[in-house]
Amino acid sequence: MRLRGLIRKEVRHILRDPSSILIAFLLPIVLLVTNGFGISLDASEMRVAVVIQAPEETARGMLQALDASPYLSVQRALSTRDGETAMTEGRVRGMLVVRDDYSQRLGRPGSWPVPAQLVVNATDPNTARILEGYVSGALQVWLSGQQHERRLVAPGGIDLEYRDWFNAELRSTDFIVPGIIAMVMTMAGTLLTASGVSREWEHGTMESMLASPARMGELILARLACNFGLGIGSMIMSVLIAIVVFDVPFRGGTVALAAAVSLFLMFALGLGLFISTLARNQFVAAQLSFLTTMMPAMMLSGMLFDIAAMPHWLRIITYFVPARYLVAILQTLFLAGDVWPVILPNLVGLAIAAVVTLTATLLVTRRRLD
Amino acid sequence: MLRRIFALIVKELAGLWKDPKTRFIILVPPIMQVALFAYAATYDVTNVPLGIWNDDAGAQSAELVRRFAASPAFGVTGSFAAPEQARAALDARTVAVVLHVPQNFSADVLAGRGAQAQLLLDARRSNSALMAQGYAAAIVAGFAQDLHPTRRPPVVLLTRDWFNPTLESTWFILPGLVCVLSMIMALLISALSLARERELGTLEQLLVTPLRPAEILLGKALPGIIVGLIDANIVITAALLWFRLPFLGNVVLLQAMLVLYMLTGVGIGLVLSSFARTQQQAMLGMFVFASPMIVLSGYAAPIENMPYAAELISRADPVRYMLVAARGLFLQDMPLAVLLSQAWPMALIAVATLTIAGFAVRRALS
Chain L
1 MRLRGLIRKE VRHILRDPSS ILIAFLLPIV LLVTNGFGIS LDASEMRVAV VIQAPEETAR
61 GMLQALDASP YLSVQRALST RDGETAMTEG RVRGMLVVRD DYSQRLGRPG SWPVPAQLVV
121 NATDPNTARI LEGYVSGALQ VWLSGQQHER RLVAPGGIDL EYRDWFNAEL RSTDFIVPGI
181 IAMVMTMAGT LLTASGVSRE WEHGTMESML ASPARMGELI LARLACNFGL GIGSMIMSVL
241 IAIVVFDVPF RGGTVALAAA VSLFLMFALG LGLFISTLAR NQFVAAQLSF LTTMMPAMML
301 SGMLFDIAAM PHWLRIITYF VPARYLVAIL QTLFLAGDVW PVILPNLVGL AIAAVVTLTA
361 TLLVTRRRLD
Chain U
1 MLRRIFALIV KELAGLWKDP KTRFIILVPP IMQVALFAYA ATYDVTNVPL GIWNDDAGAQ
61 SAELVRRFAA SPAFGVTGSF AAPEQARAAL DARTVAVVLH VPQNFSADVL AGRGAQAQLL
121 LDARRSNSAL MAQGYAAAIV AGFAQDLHPT RRPPVVLLTR DWFNPTLEST WFILPGLVCV
181 LSMIMALLIS ALSLAREREL GTLEQLLVTP LRPAEILLGK ALPGIIVGLI DANIVITAAL
241 LWFRLPFLGN VVLLQAMLVL YMLTGVGIGL VLSSFARTQQ QAMLGMFVFA SPMIVLSGYA
301 APIENMPYAA ELISRADPVR YMLVAARGLF LQDMPLAVLL SQAWPMALIA VATLTIAGFA
361 VRRALS
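Chains as they are written, first to last, in this note's numbering: chain L, 1 to 370; chain U, 1 to 366.
Keep in mind that the hints were calculated from the coordinates and are not lab data. Heads up, the beta-carbon is just placed ideally off N, CA and C, and yes, glycines get one too. Be aware that one or more of the hints could be misleading.
[Said to hold, decoys possible] The following label-pair restraints were derived from C-beta to C-beta distances: (1) U:Leu207 x L:Trp313: 50 to 58 Å; (2) L:Asp67 x U:Thr166: 28 to 36 Å; (3) U:Lys18 x L:Ala168: 57 to 65 Å; (4) L:Ala258 x U:Gly201: 42 to 50 Å; (5) U:Gln85 x L:Arg4: 50 to 58 Å; (6) L:Trp313 x U:Ala309: 37 to 45 Å.
Chain U extracted, bound-state conformation (with noise of 0.2 Å):
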């Protein structure tokens, strides 16, 4: 039995290196994914096209103008001095916020009467607008706080972010894409791998060899399980040699999640494959798939802000589990209670859709 599956792996392996567009298509993606998409992966703002619409010939408004100018998080590209300019420059996104400081800003100002200030905001895109409003209220309070250093506030809040001291976007996406890229893949081949054989006709054959019923699952399942891992393995050496991420859990703990992983990966794609009648079917019931899997993971967006119906899919989605294990191995040393936490349902889920793929073999058999 032992003899067989090894002969079974070794086969597979050759089989997957063999060809050149496969060890292409196993090798290259996921290089190229993580070059593209880890530094394209951020919610931040730097350099947001800033107007500047200044109705106020005071020194006041020109200090303020200039900490705007100043600030890493705007840059200045045009300035205006009438509303319908300012309007038309943000309808056609030259600038994505306008600041504008009205006539008397800088005697109210220095009479002290609470001065006030305007920022017209492009919220086509609602998150940038969010950062923006953050960084020009700090600006703000920080013009304010010096103009009058005495008068300070009773309560300031000091915050200290763990985990991810800088707030650096790859440290949070690269464990992310470790989950994603190996997932895809897994689903990939695996999903395609038994509606092949059904649309061409050689499943037939396939079950008048010797090979019992599990071992022509585990045949099929094996290619998914290694590259993905072979992908996995690829983004978190990436992550840790070029992007530089911490690594505070353990290795091994890791690895061993993965498989489990993987394992559900190609269950749920030799689930697919199984009811799949040809390729485009299986092609078709994994774009379904996929993508839903990858979203609901909270990979690109916290599950706590999914409505309830959402969330409870997203706990038969094992991209979650391996998300929460993947992100906590990387940047805290999570604890083994809440990984185990996480590992269960995805055994669960593993065992399920295995089992729902050999039900479907041994059908095909008899």
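This is chain L alone, in the form it adopts within the complex (with noise of 0.2 Å):
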């Protein structure tokens, strides 16, 4: 009876403040699109500066299959100090030379192989690395299409074929949208319930919630169910945008997902009563609430790198993230199906962390009544 007061009183302070809903349902439309177009790791069209010193005919085969790779967008330089300048300036990504003895070597096989040189801004290693791979990818096209009219045998013979299970087309989106939508959610969740006790604190509102005779427990129920219904809301719209707006397959089931979303949800609405508890005021609460969420659900749970690549002191540090148990179901879900393999040992490492964020936070308001 007294439960489903507070609840009506939580419900009216939701609609009183447009703050809940705008966390609920604009933090996630809008952190979804921009990090959902902004984050990319497919290249097209990377800028790639071409310095010719061979004689012109002989090198126009090789140009053509650059030209031809939907990757790379070829730009002439006259010298290669042009083509060092556009680099440095950043309007070209690497530079391929030519040298002027090529023509002459590639007539004599007995001087083969003969170089094609690349320089790529290494700046930053993940697209230079790629770059090289379009790169080499357009001249073995070239190389294959010469090898077949001078008839010449093919050096070695060993052909490697790749499947690319559960998302063929290799697109970043993919993966990265399921990881985006844990990190919405991490946010969301939090700040849901992060500036709400400080507030009542900061203004006084507390004691006399407390002077009532509602149990500590209770209020805190109360708040966690509303806050719920509010999470499981932009659960629900996170998830359509990923199939609606960026086309991301969804393989899974509803059971696996309601189960992920409502445990991750429990702790994410936990941590938030936690901070703001714990914090005599919102703006101690604001930080510790941003601090603890966006950056690390950004950088260790797997959304965009890889936790397997980690240092292993790092990739113990990351089972105490939760955000990498739902980037692990939500990943498999949506790209690969129910594998519950995958995704019951990461919902027993989500009800560890609601269970303790939520009796954590039990005790600190305990203690705090003293």
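Starting from two chains that each stand alone, build the complex the way the hints lay out.
Here's what the structure looks like:
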């Protein structure tokens, strides 16, 4: 009976101040759209300067092959110095140099292989590697055409065929968007409850709540329940945006999704409550919730960077970032389906995170009463 | 005027340093974040769990498997005899890549017939899959070359990596962290400042002091700028002393760019603050703005990959310009002309946002 009254109070709070609604619905839309379009590891039209010092005709075939690649946008540069300047100023990502003895050596199989030099701006190592891959791919296409024409034997002759499962086109959006949902949920969930309690302390309304017959557990439960509803709504919206706007397939079932989301929300809302109970004012609460959610969820959850490639000690730390479990579950649900061997252990991780934060919140609240 | 501003700076600095909680929040998070995130941010792959599914009993396939196992990119964690086993292991993520060698591989290699092998990849993480493909291709090409050392291809690609010859991820991410962490701090501190005074009703008290609106604004802007600069320099120090990044540019230029950059940060924060009625709204505004600012800046993924609309929005993002300047000054001796082309958009953003915030304060006055 008392609980119902408390819930009614919380619902009124939410309706009166638009902040909560905005957090649950506006924040995810903004974050999903900007992050979804903004984080793409799929390069297209990478600008490359080409400097050809050899006689024009002989290099034409290679140039055409580079031009034909959908990943490269070839720009002619007159000298290596021009190319270097363009690279330093960031106008091109790399420069391919074909030296003046290229045609002569290409005509004499004895002096093979003829080097073609690629200079890459490696400030961004990932993009540098991808560019190298695309240039060498375009050259391969040209070479195999040449070999076909001249009836040369392919060197070695081992063909490695790739089968990219779950994401055949290697579209980075498909794995990043589920990760972004996890990041958005961390932020929205925590923010929903983070400023609530600290505001009541700051305004002195907490004391009057405590003077009422409602027990602390009930207060927390009522607050959790209301924000839980908002969080679920926010989550459904996010998944729909992923499917409709970003065209990410969803191959899993709703049961696994609902379980993962519920547990994760319990954790995130609990973290928000914990922070706002611990912090004496909203300023500190804001800083703590910002620092504990956005950057860790982005950098340590596996959303963007592969956890397996991190140093060992850091991999251990990622187990304390619950977003990691949600990212693993969401990536699997979206791209692979209900793979329980992946989902179950991660659900256990989420459950532990939820229980720990909620218990900690209860303990801290009880201590603050004295 | 100058003396009053100086007094204001001293007051703000003392205010920041006196409160142990604030002191903690200025110093500890940047150090912790540098330690964690600099090591986390790599798109490269090492020790990718590899499953072997070898249907061939010959010596050639054994050699190919040996070469995969010897590569630092892969670590063999399983072997399969049937497609279902490989499929289950990929599904459950116990392996990320499966090398399948078909039955007649060795015979084909020895006969010079053009042998075939397959690589099955868990492409849930597309970038890692792409990287793994690259390493696998290099291993197979090396193997093929060694089988027929006399058959040379007509052309080879020699790659030289400028500015970061060993392709260190930390060299890429740390200049980015300088920009991101300082921006977050400047935003946090300035976004909540005016909103807090308004919510608690102390803005009126401030308005009856002899301070002019511009001076009030300056007082609200300074803490964010100072803390942002401190945090930026903590990251710079860590980058140079611990991570051993090169610094080829000019230190004074970097600091000057950072001051300009922090002005844009507090400008945006104060605009958010002046529109928010409560701290919760200011906080929400900051969350809504900070994440796109970081993401659209090119911090995590190159701007060239973005759709045109996102690229357009990123032009209003100060982080984008500072990022180019910071990476340029650390890793290459960026020419002054390029630096200036990054500086003037930041100056524009700073002037625009601070003017808007100034109007908001004046409106509150009257």
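Here is what the structure says about each hint:
One distance hint, 50 to 58 Å for the beta-carbon pair U:Leu207 and L:Trp313, holds here, with the actual separation near 52 Å. Separation of L:Asp67 from U:Thr166 is about 31 Å and conforms to the stated range, judged on CB atoms against 28 to 36 Å. Look at U:Lys18 against L:Ala168: about 59 Å separates their beta carbons, and that is inside 57 to 65 Å. Under the hint 42 to 50 Å, the C-beta atoms of L:Ala258 and U:Gly201, about 44 Å apart, fit the expected range.
Checked against the hint of 50 to 58 Å, the pair U:Gln85 and L:Arg4 passes, with Cβ atoms roughly 55 Å apart. Between L:Trp313 and U:Ala309 the beta carbons are some 41 Å apart, a value that agrees with the proposed interval 37 to 45 Å.
This entry satisfies every hint, going by the numbered hints stated previously.
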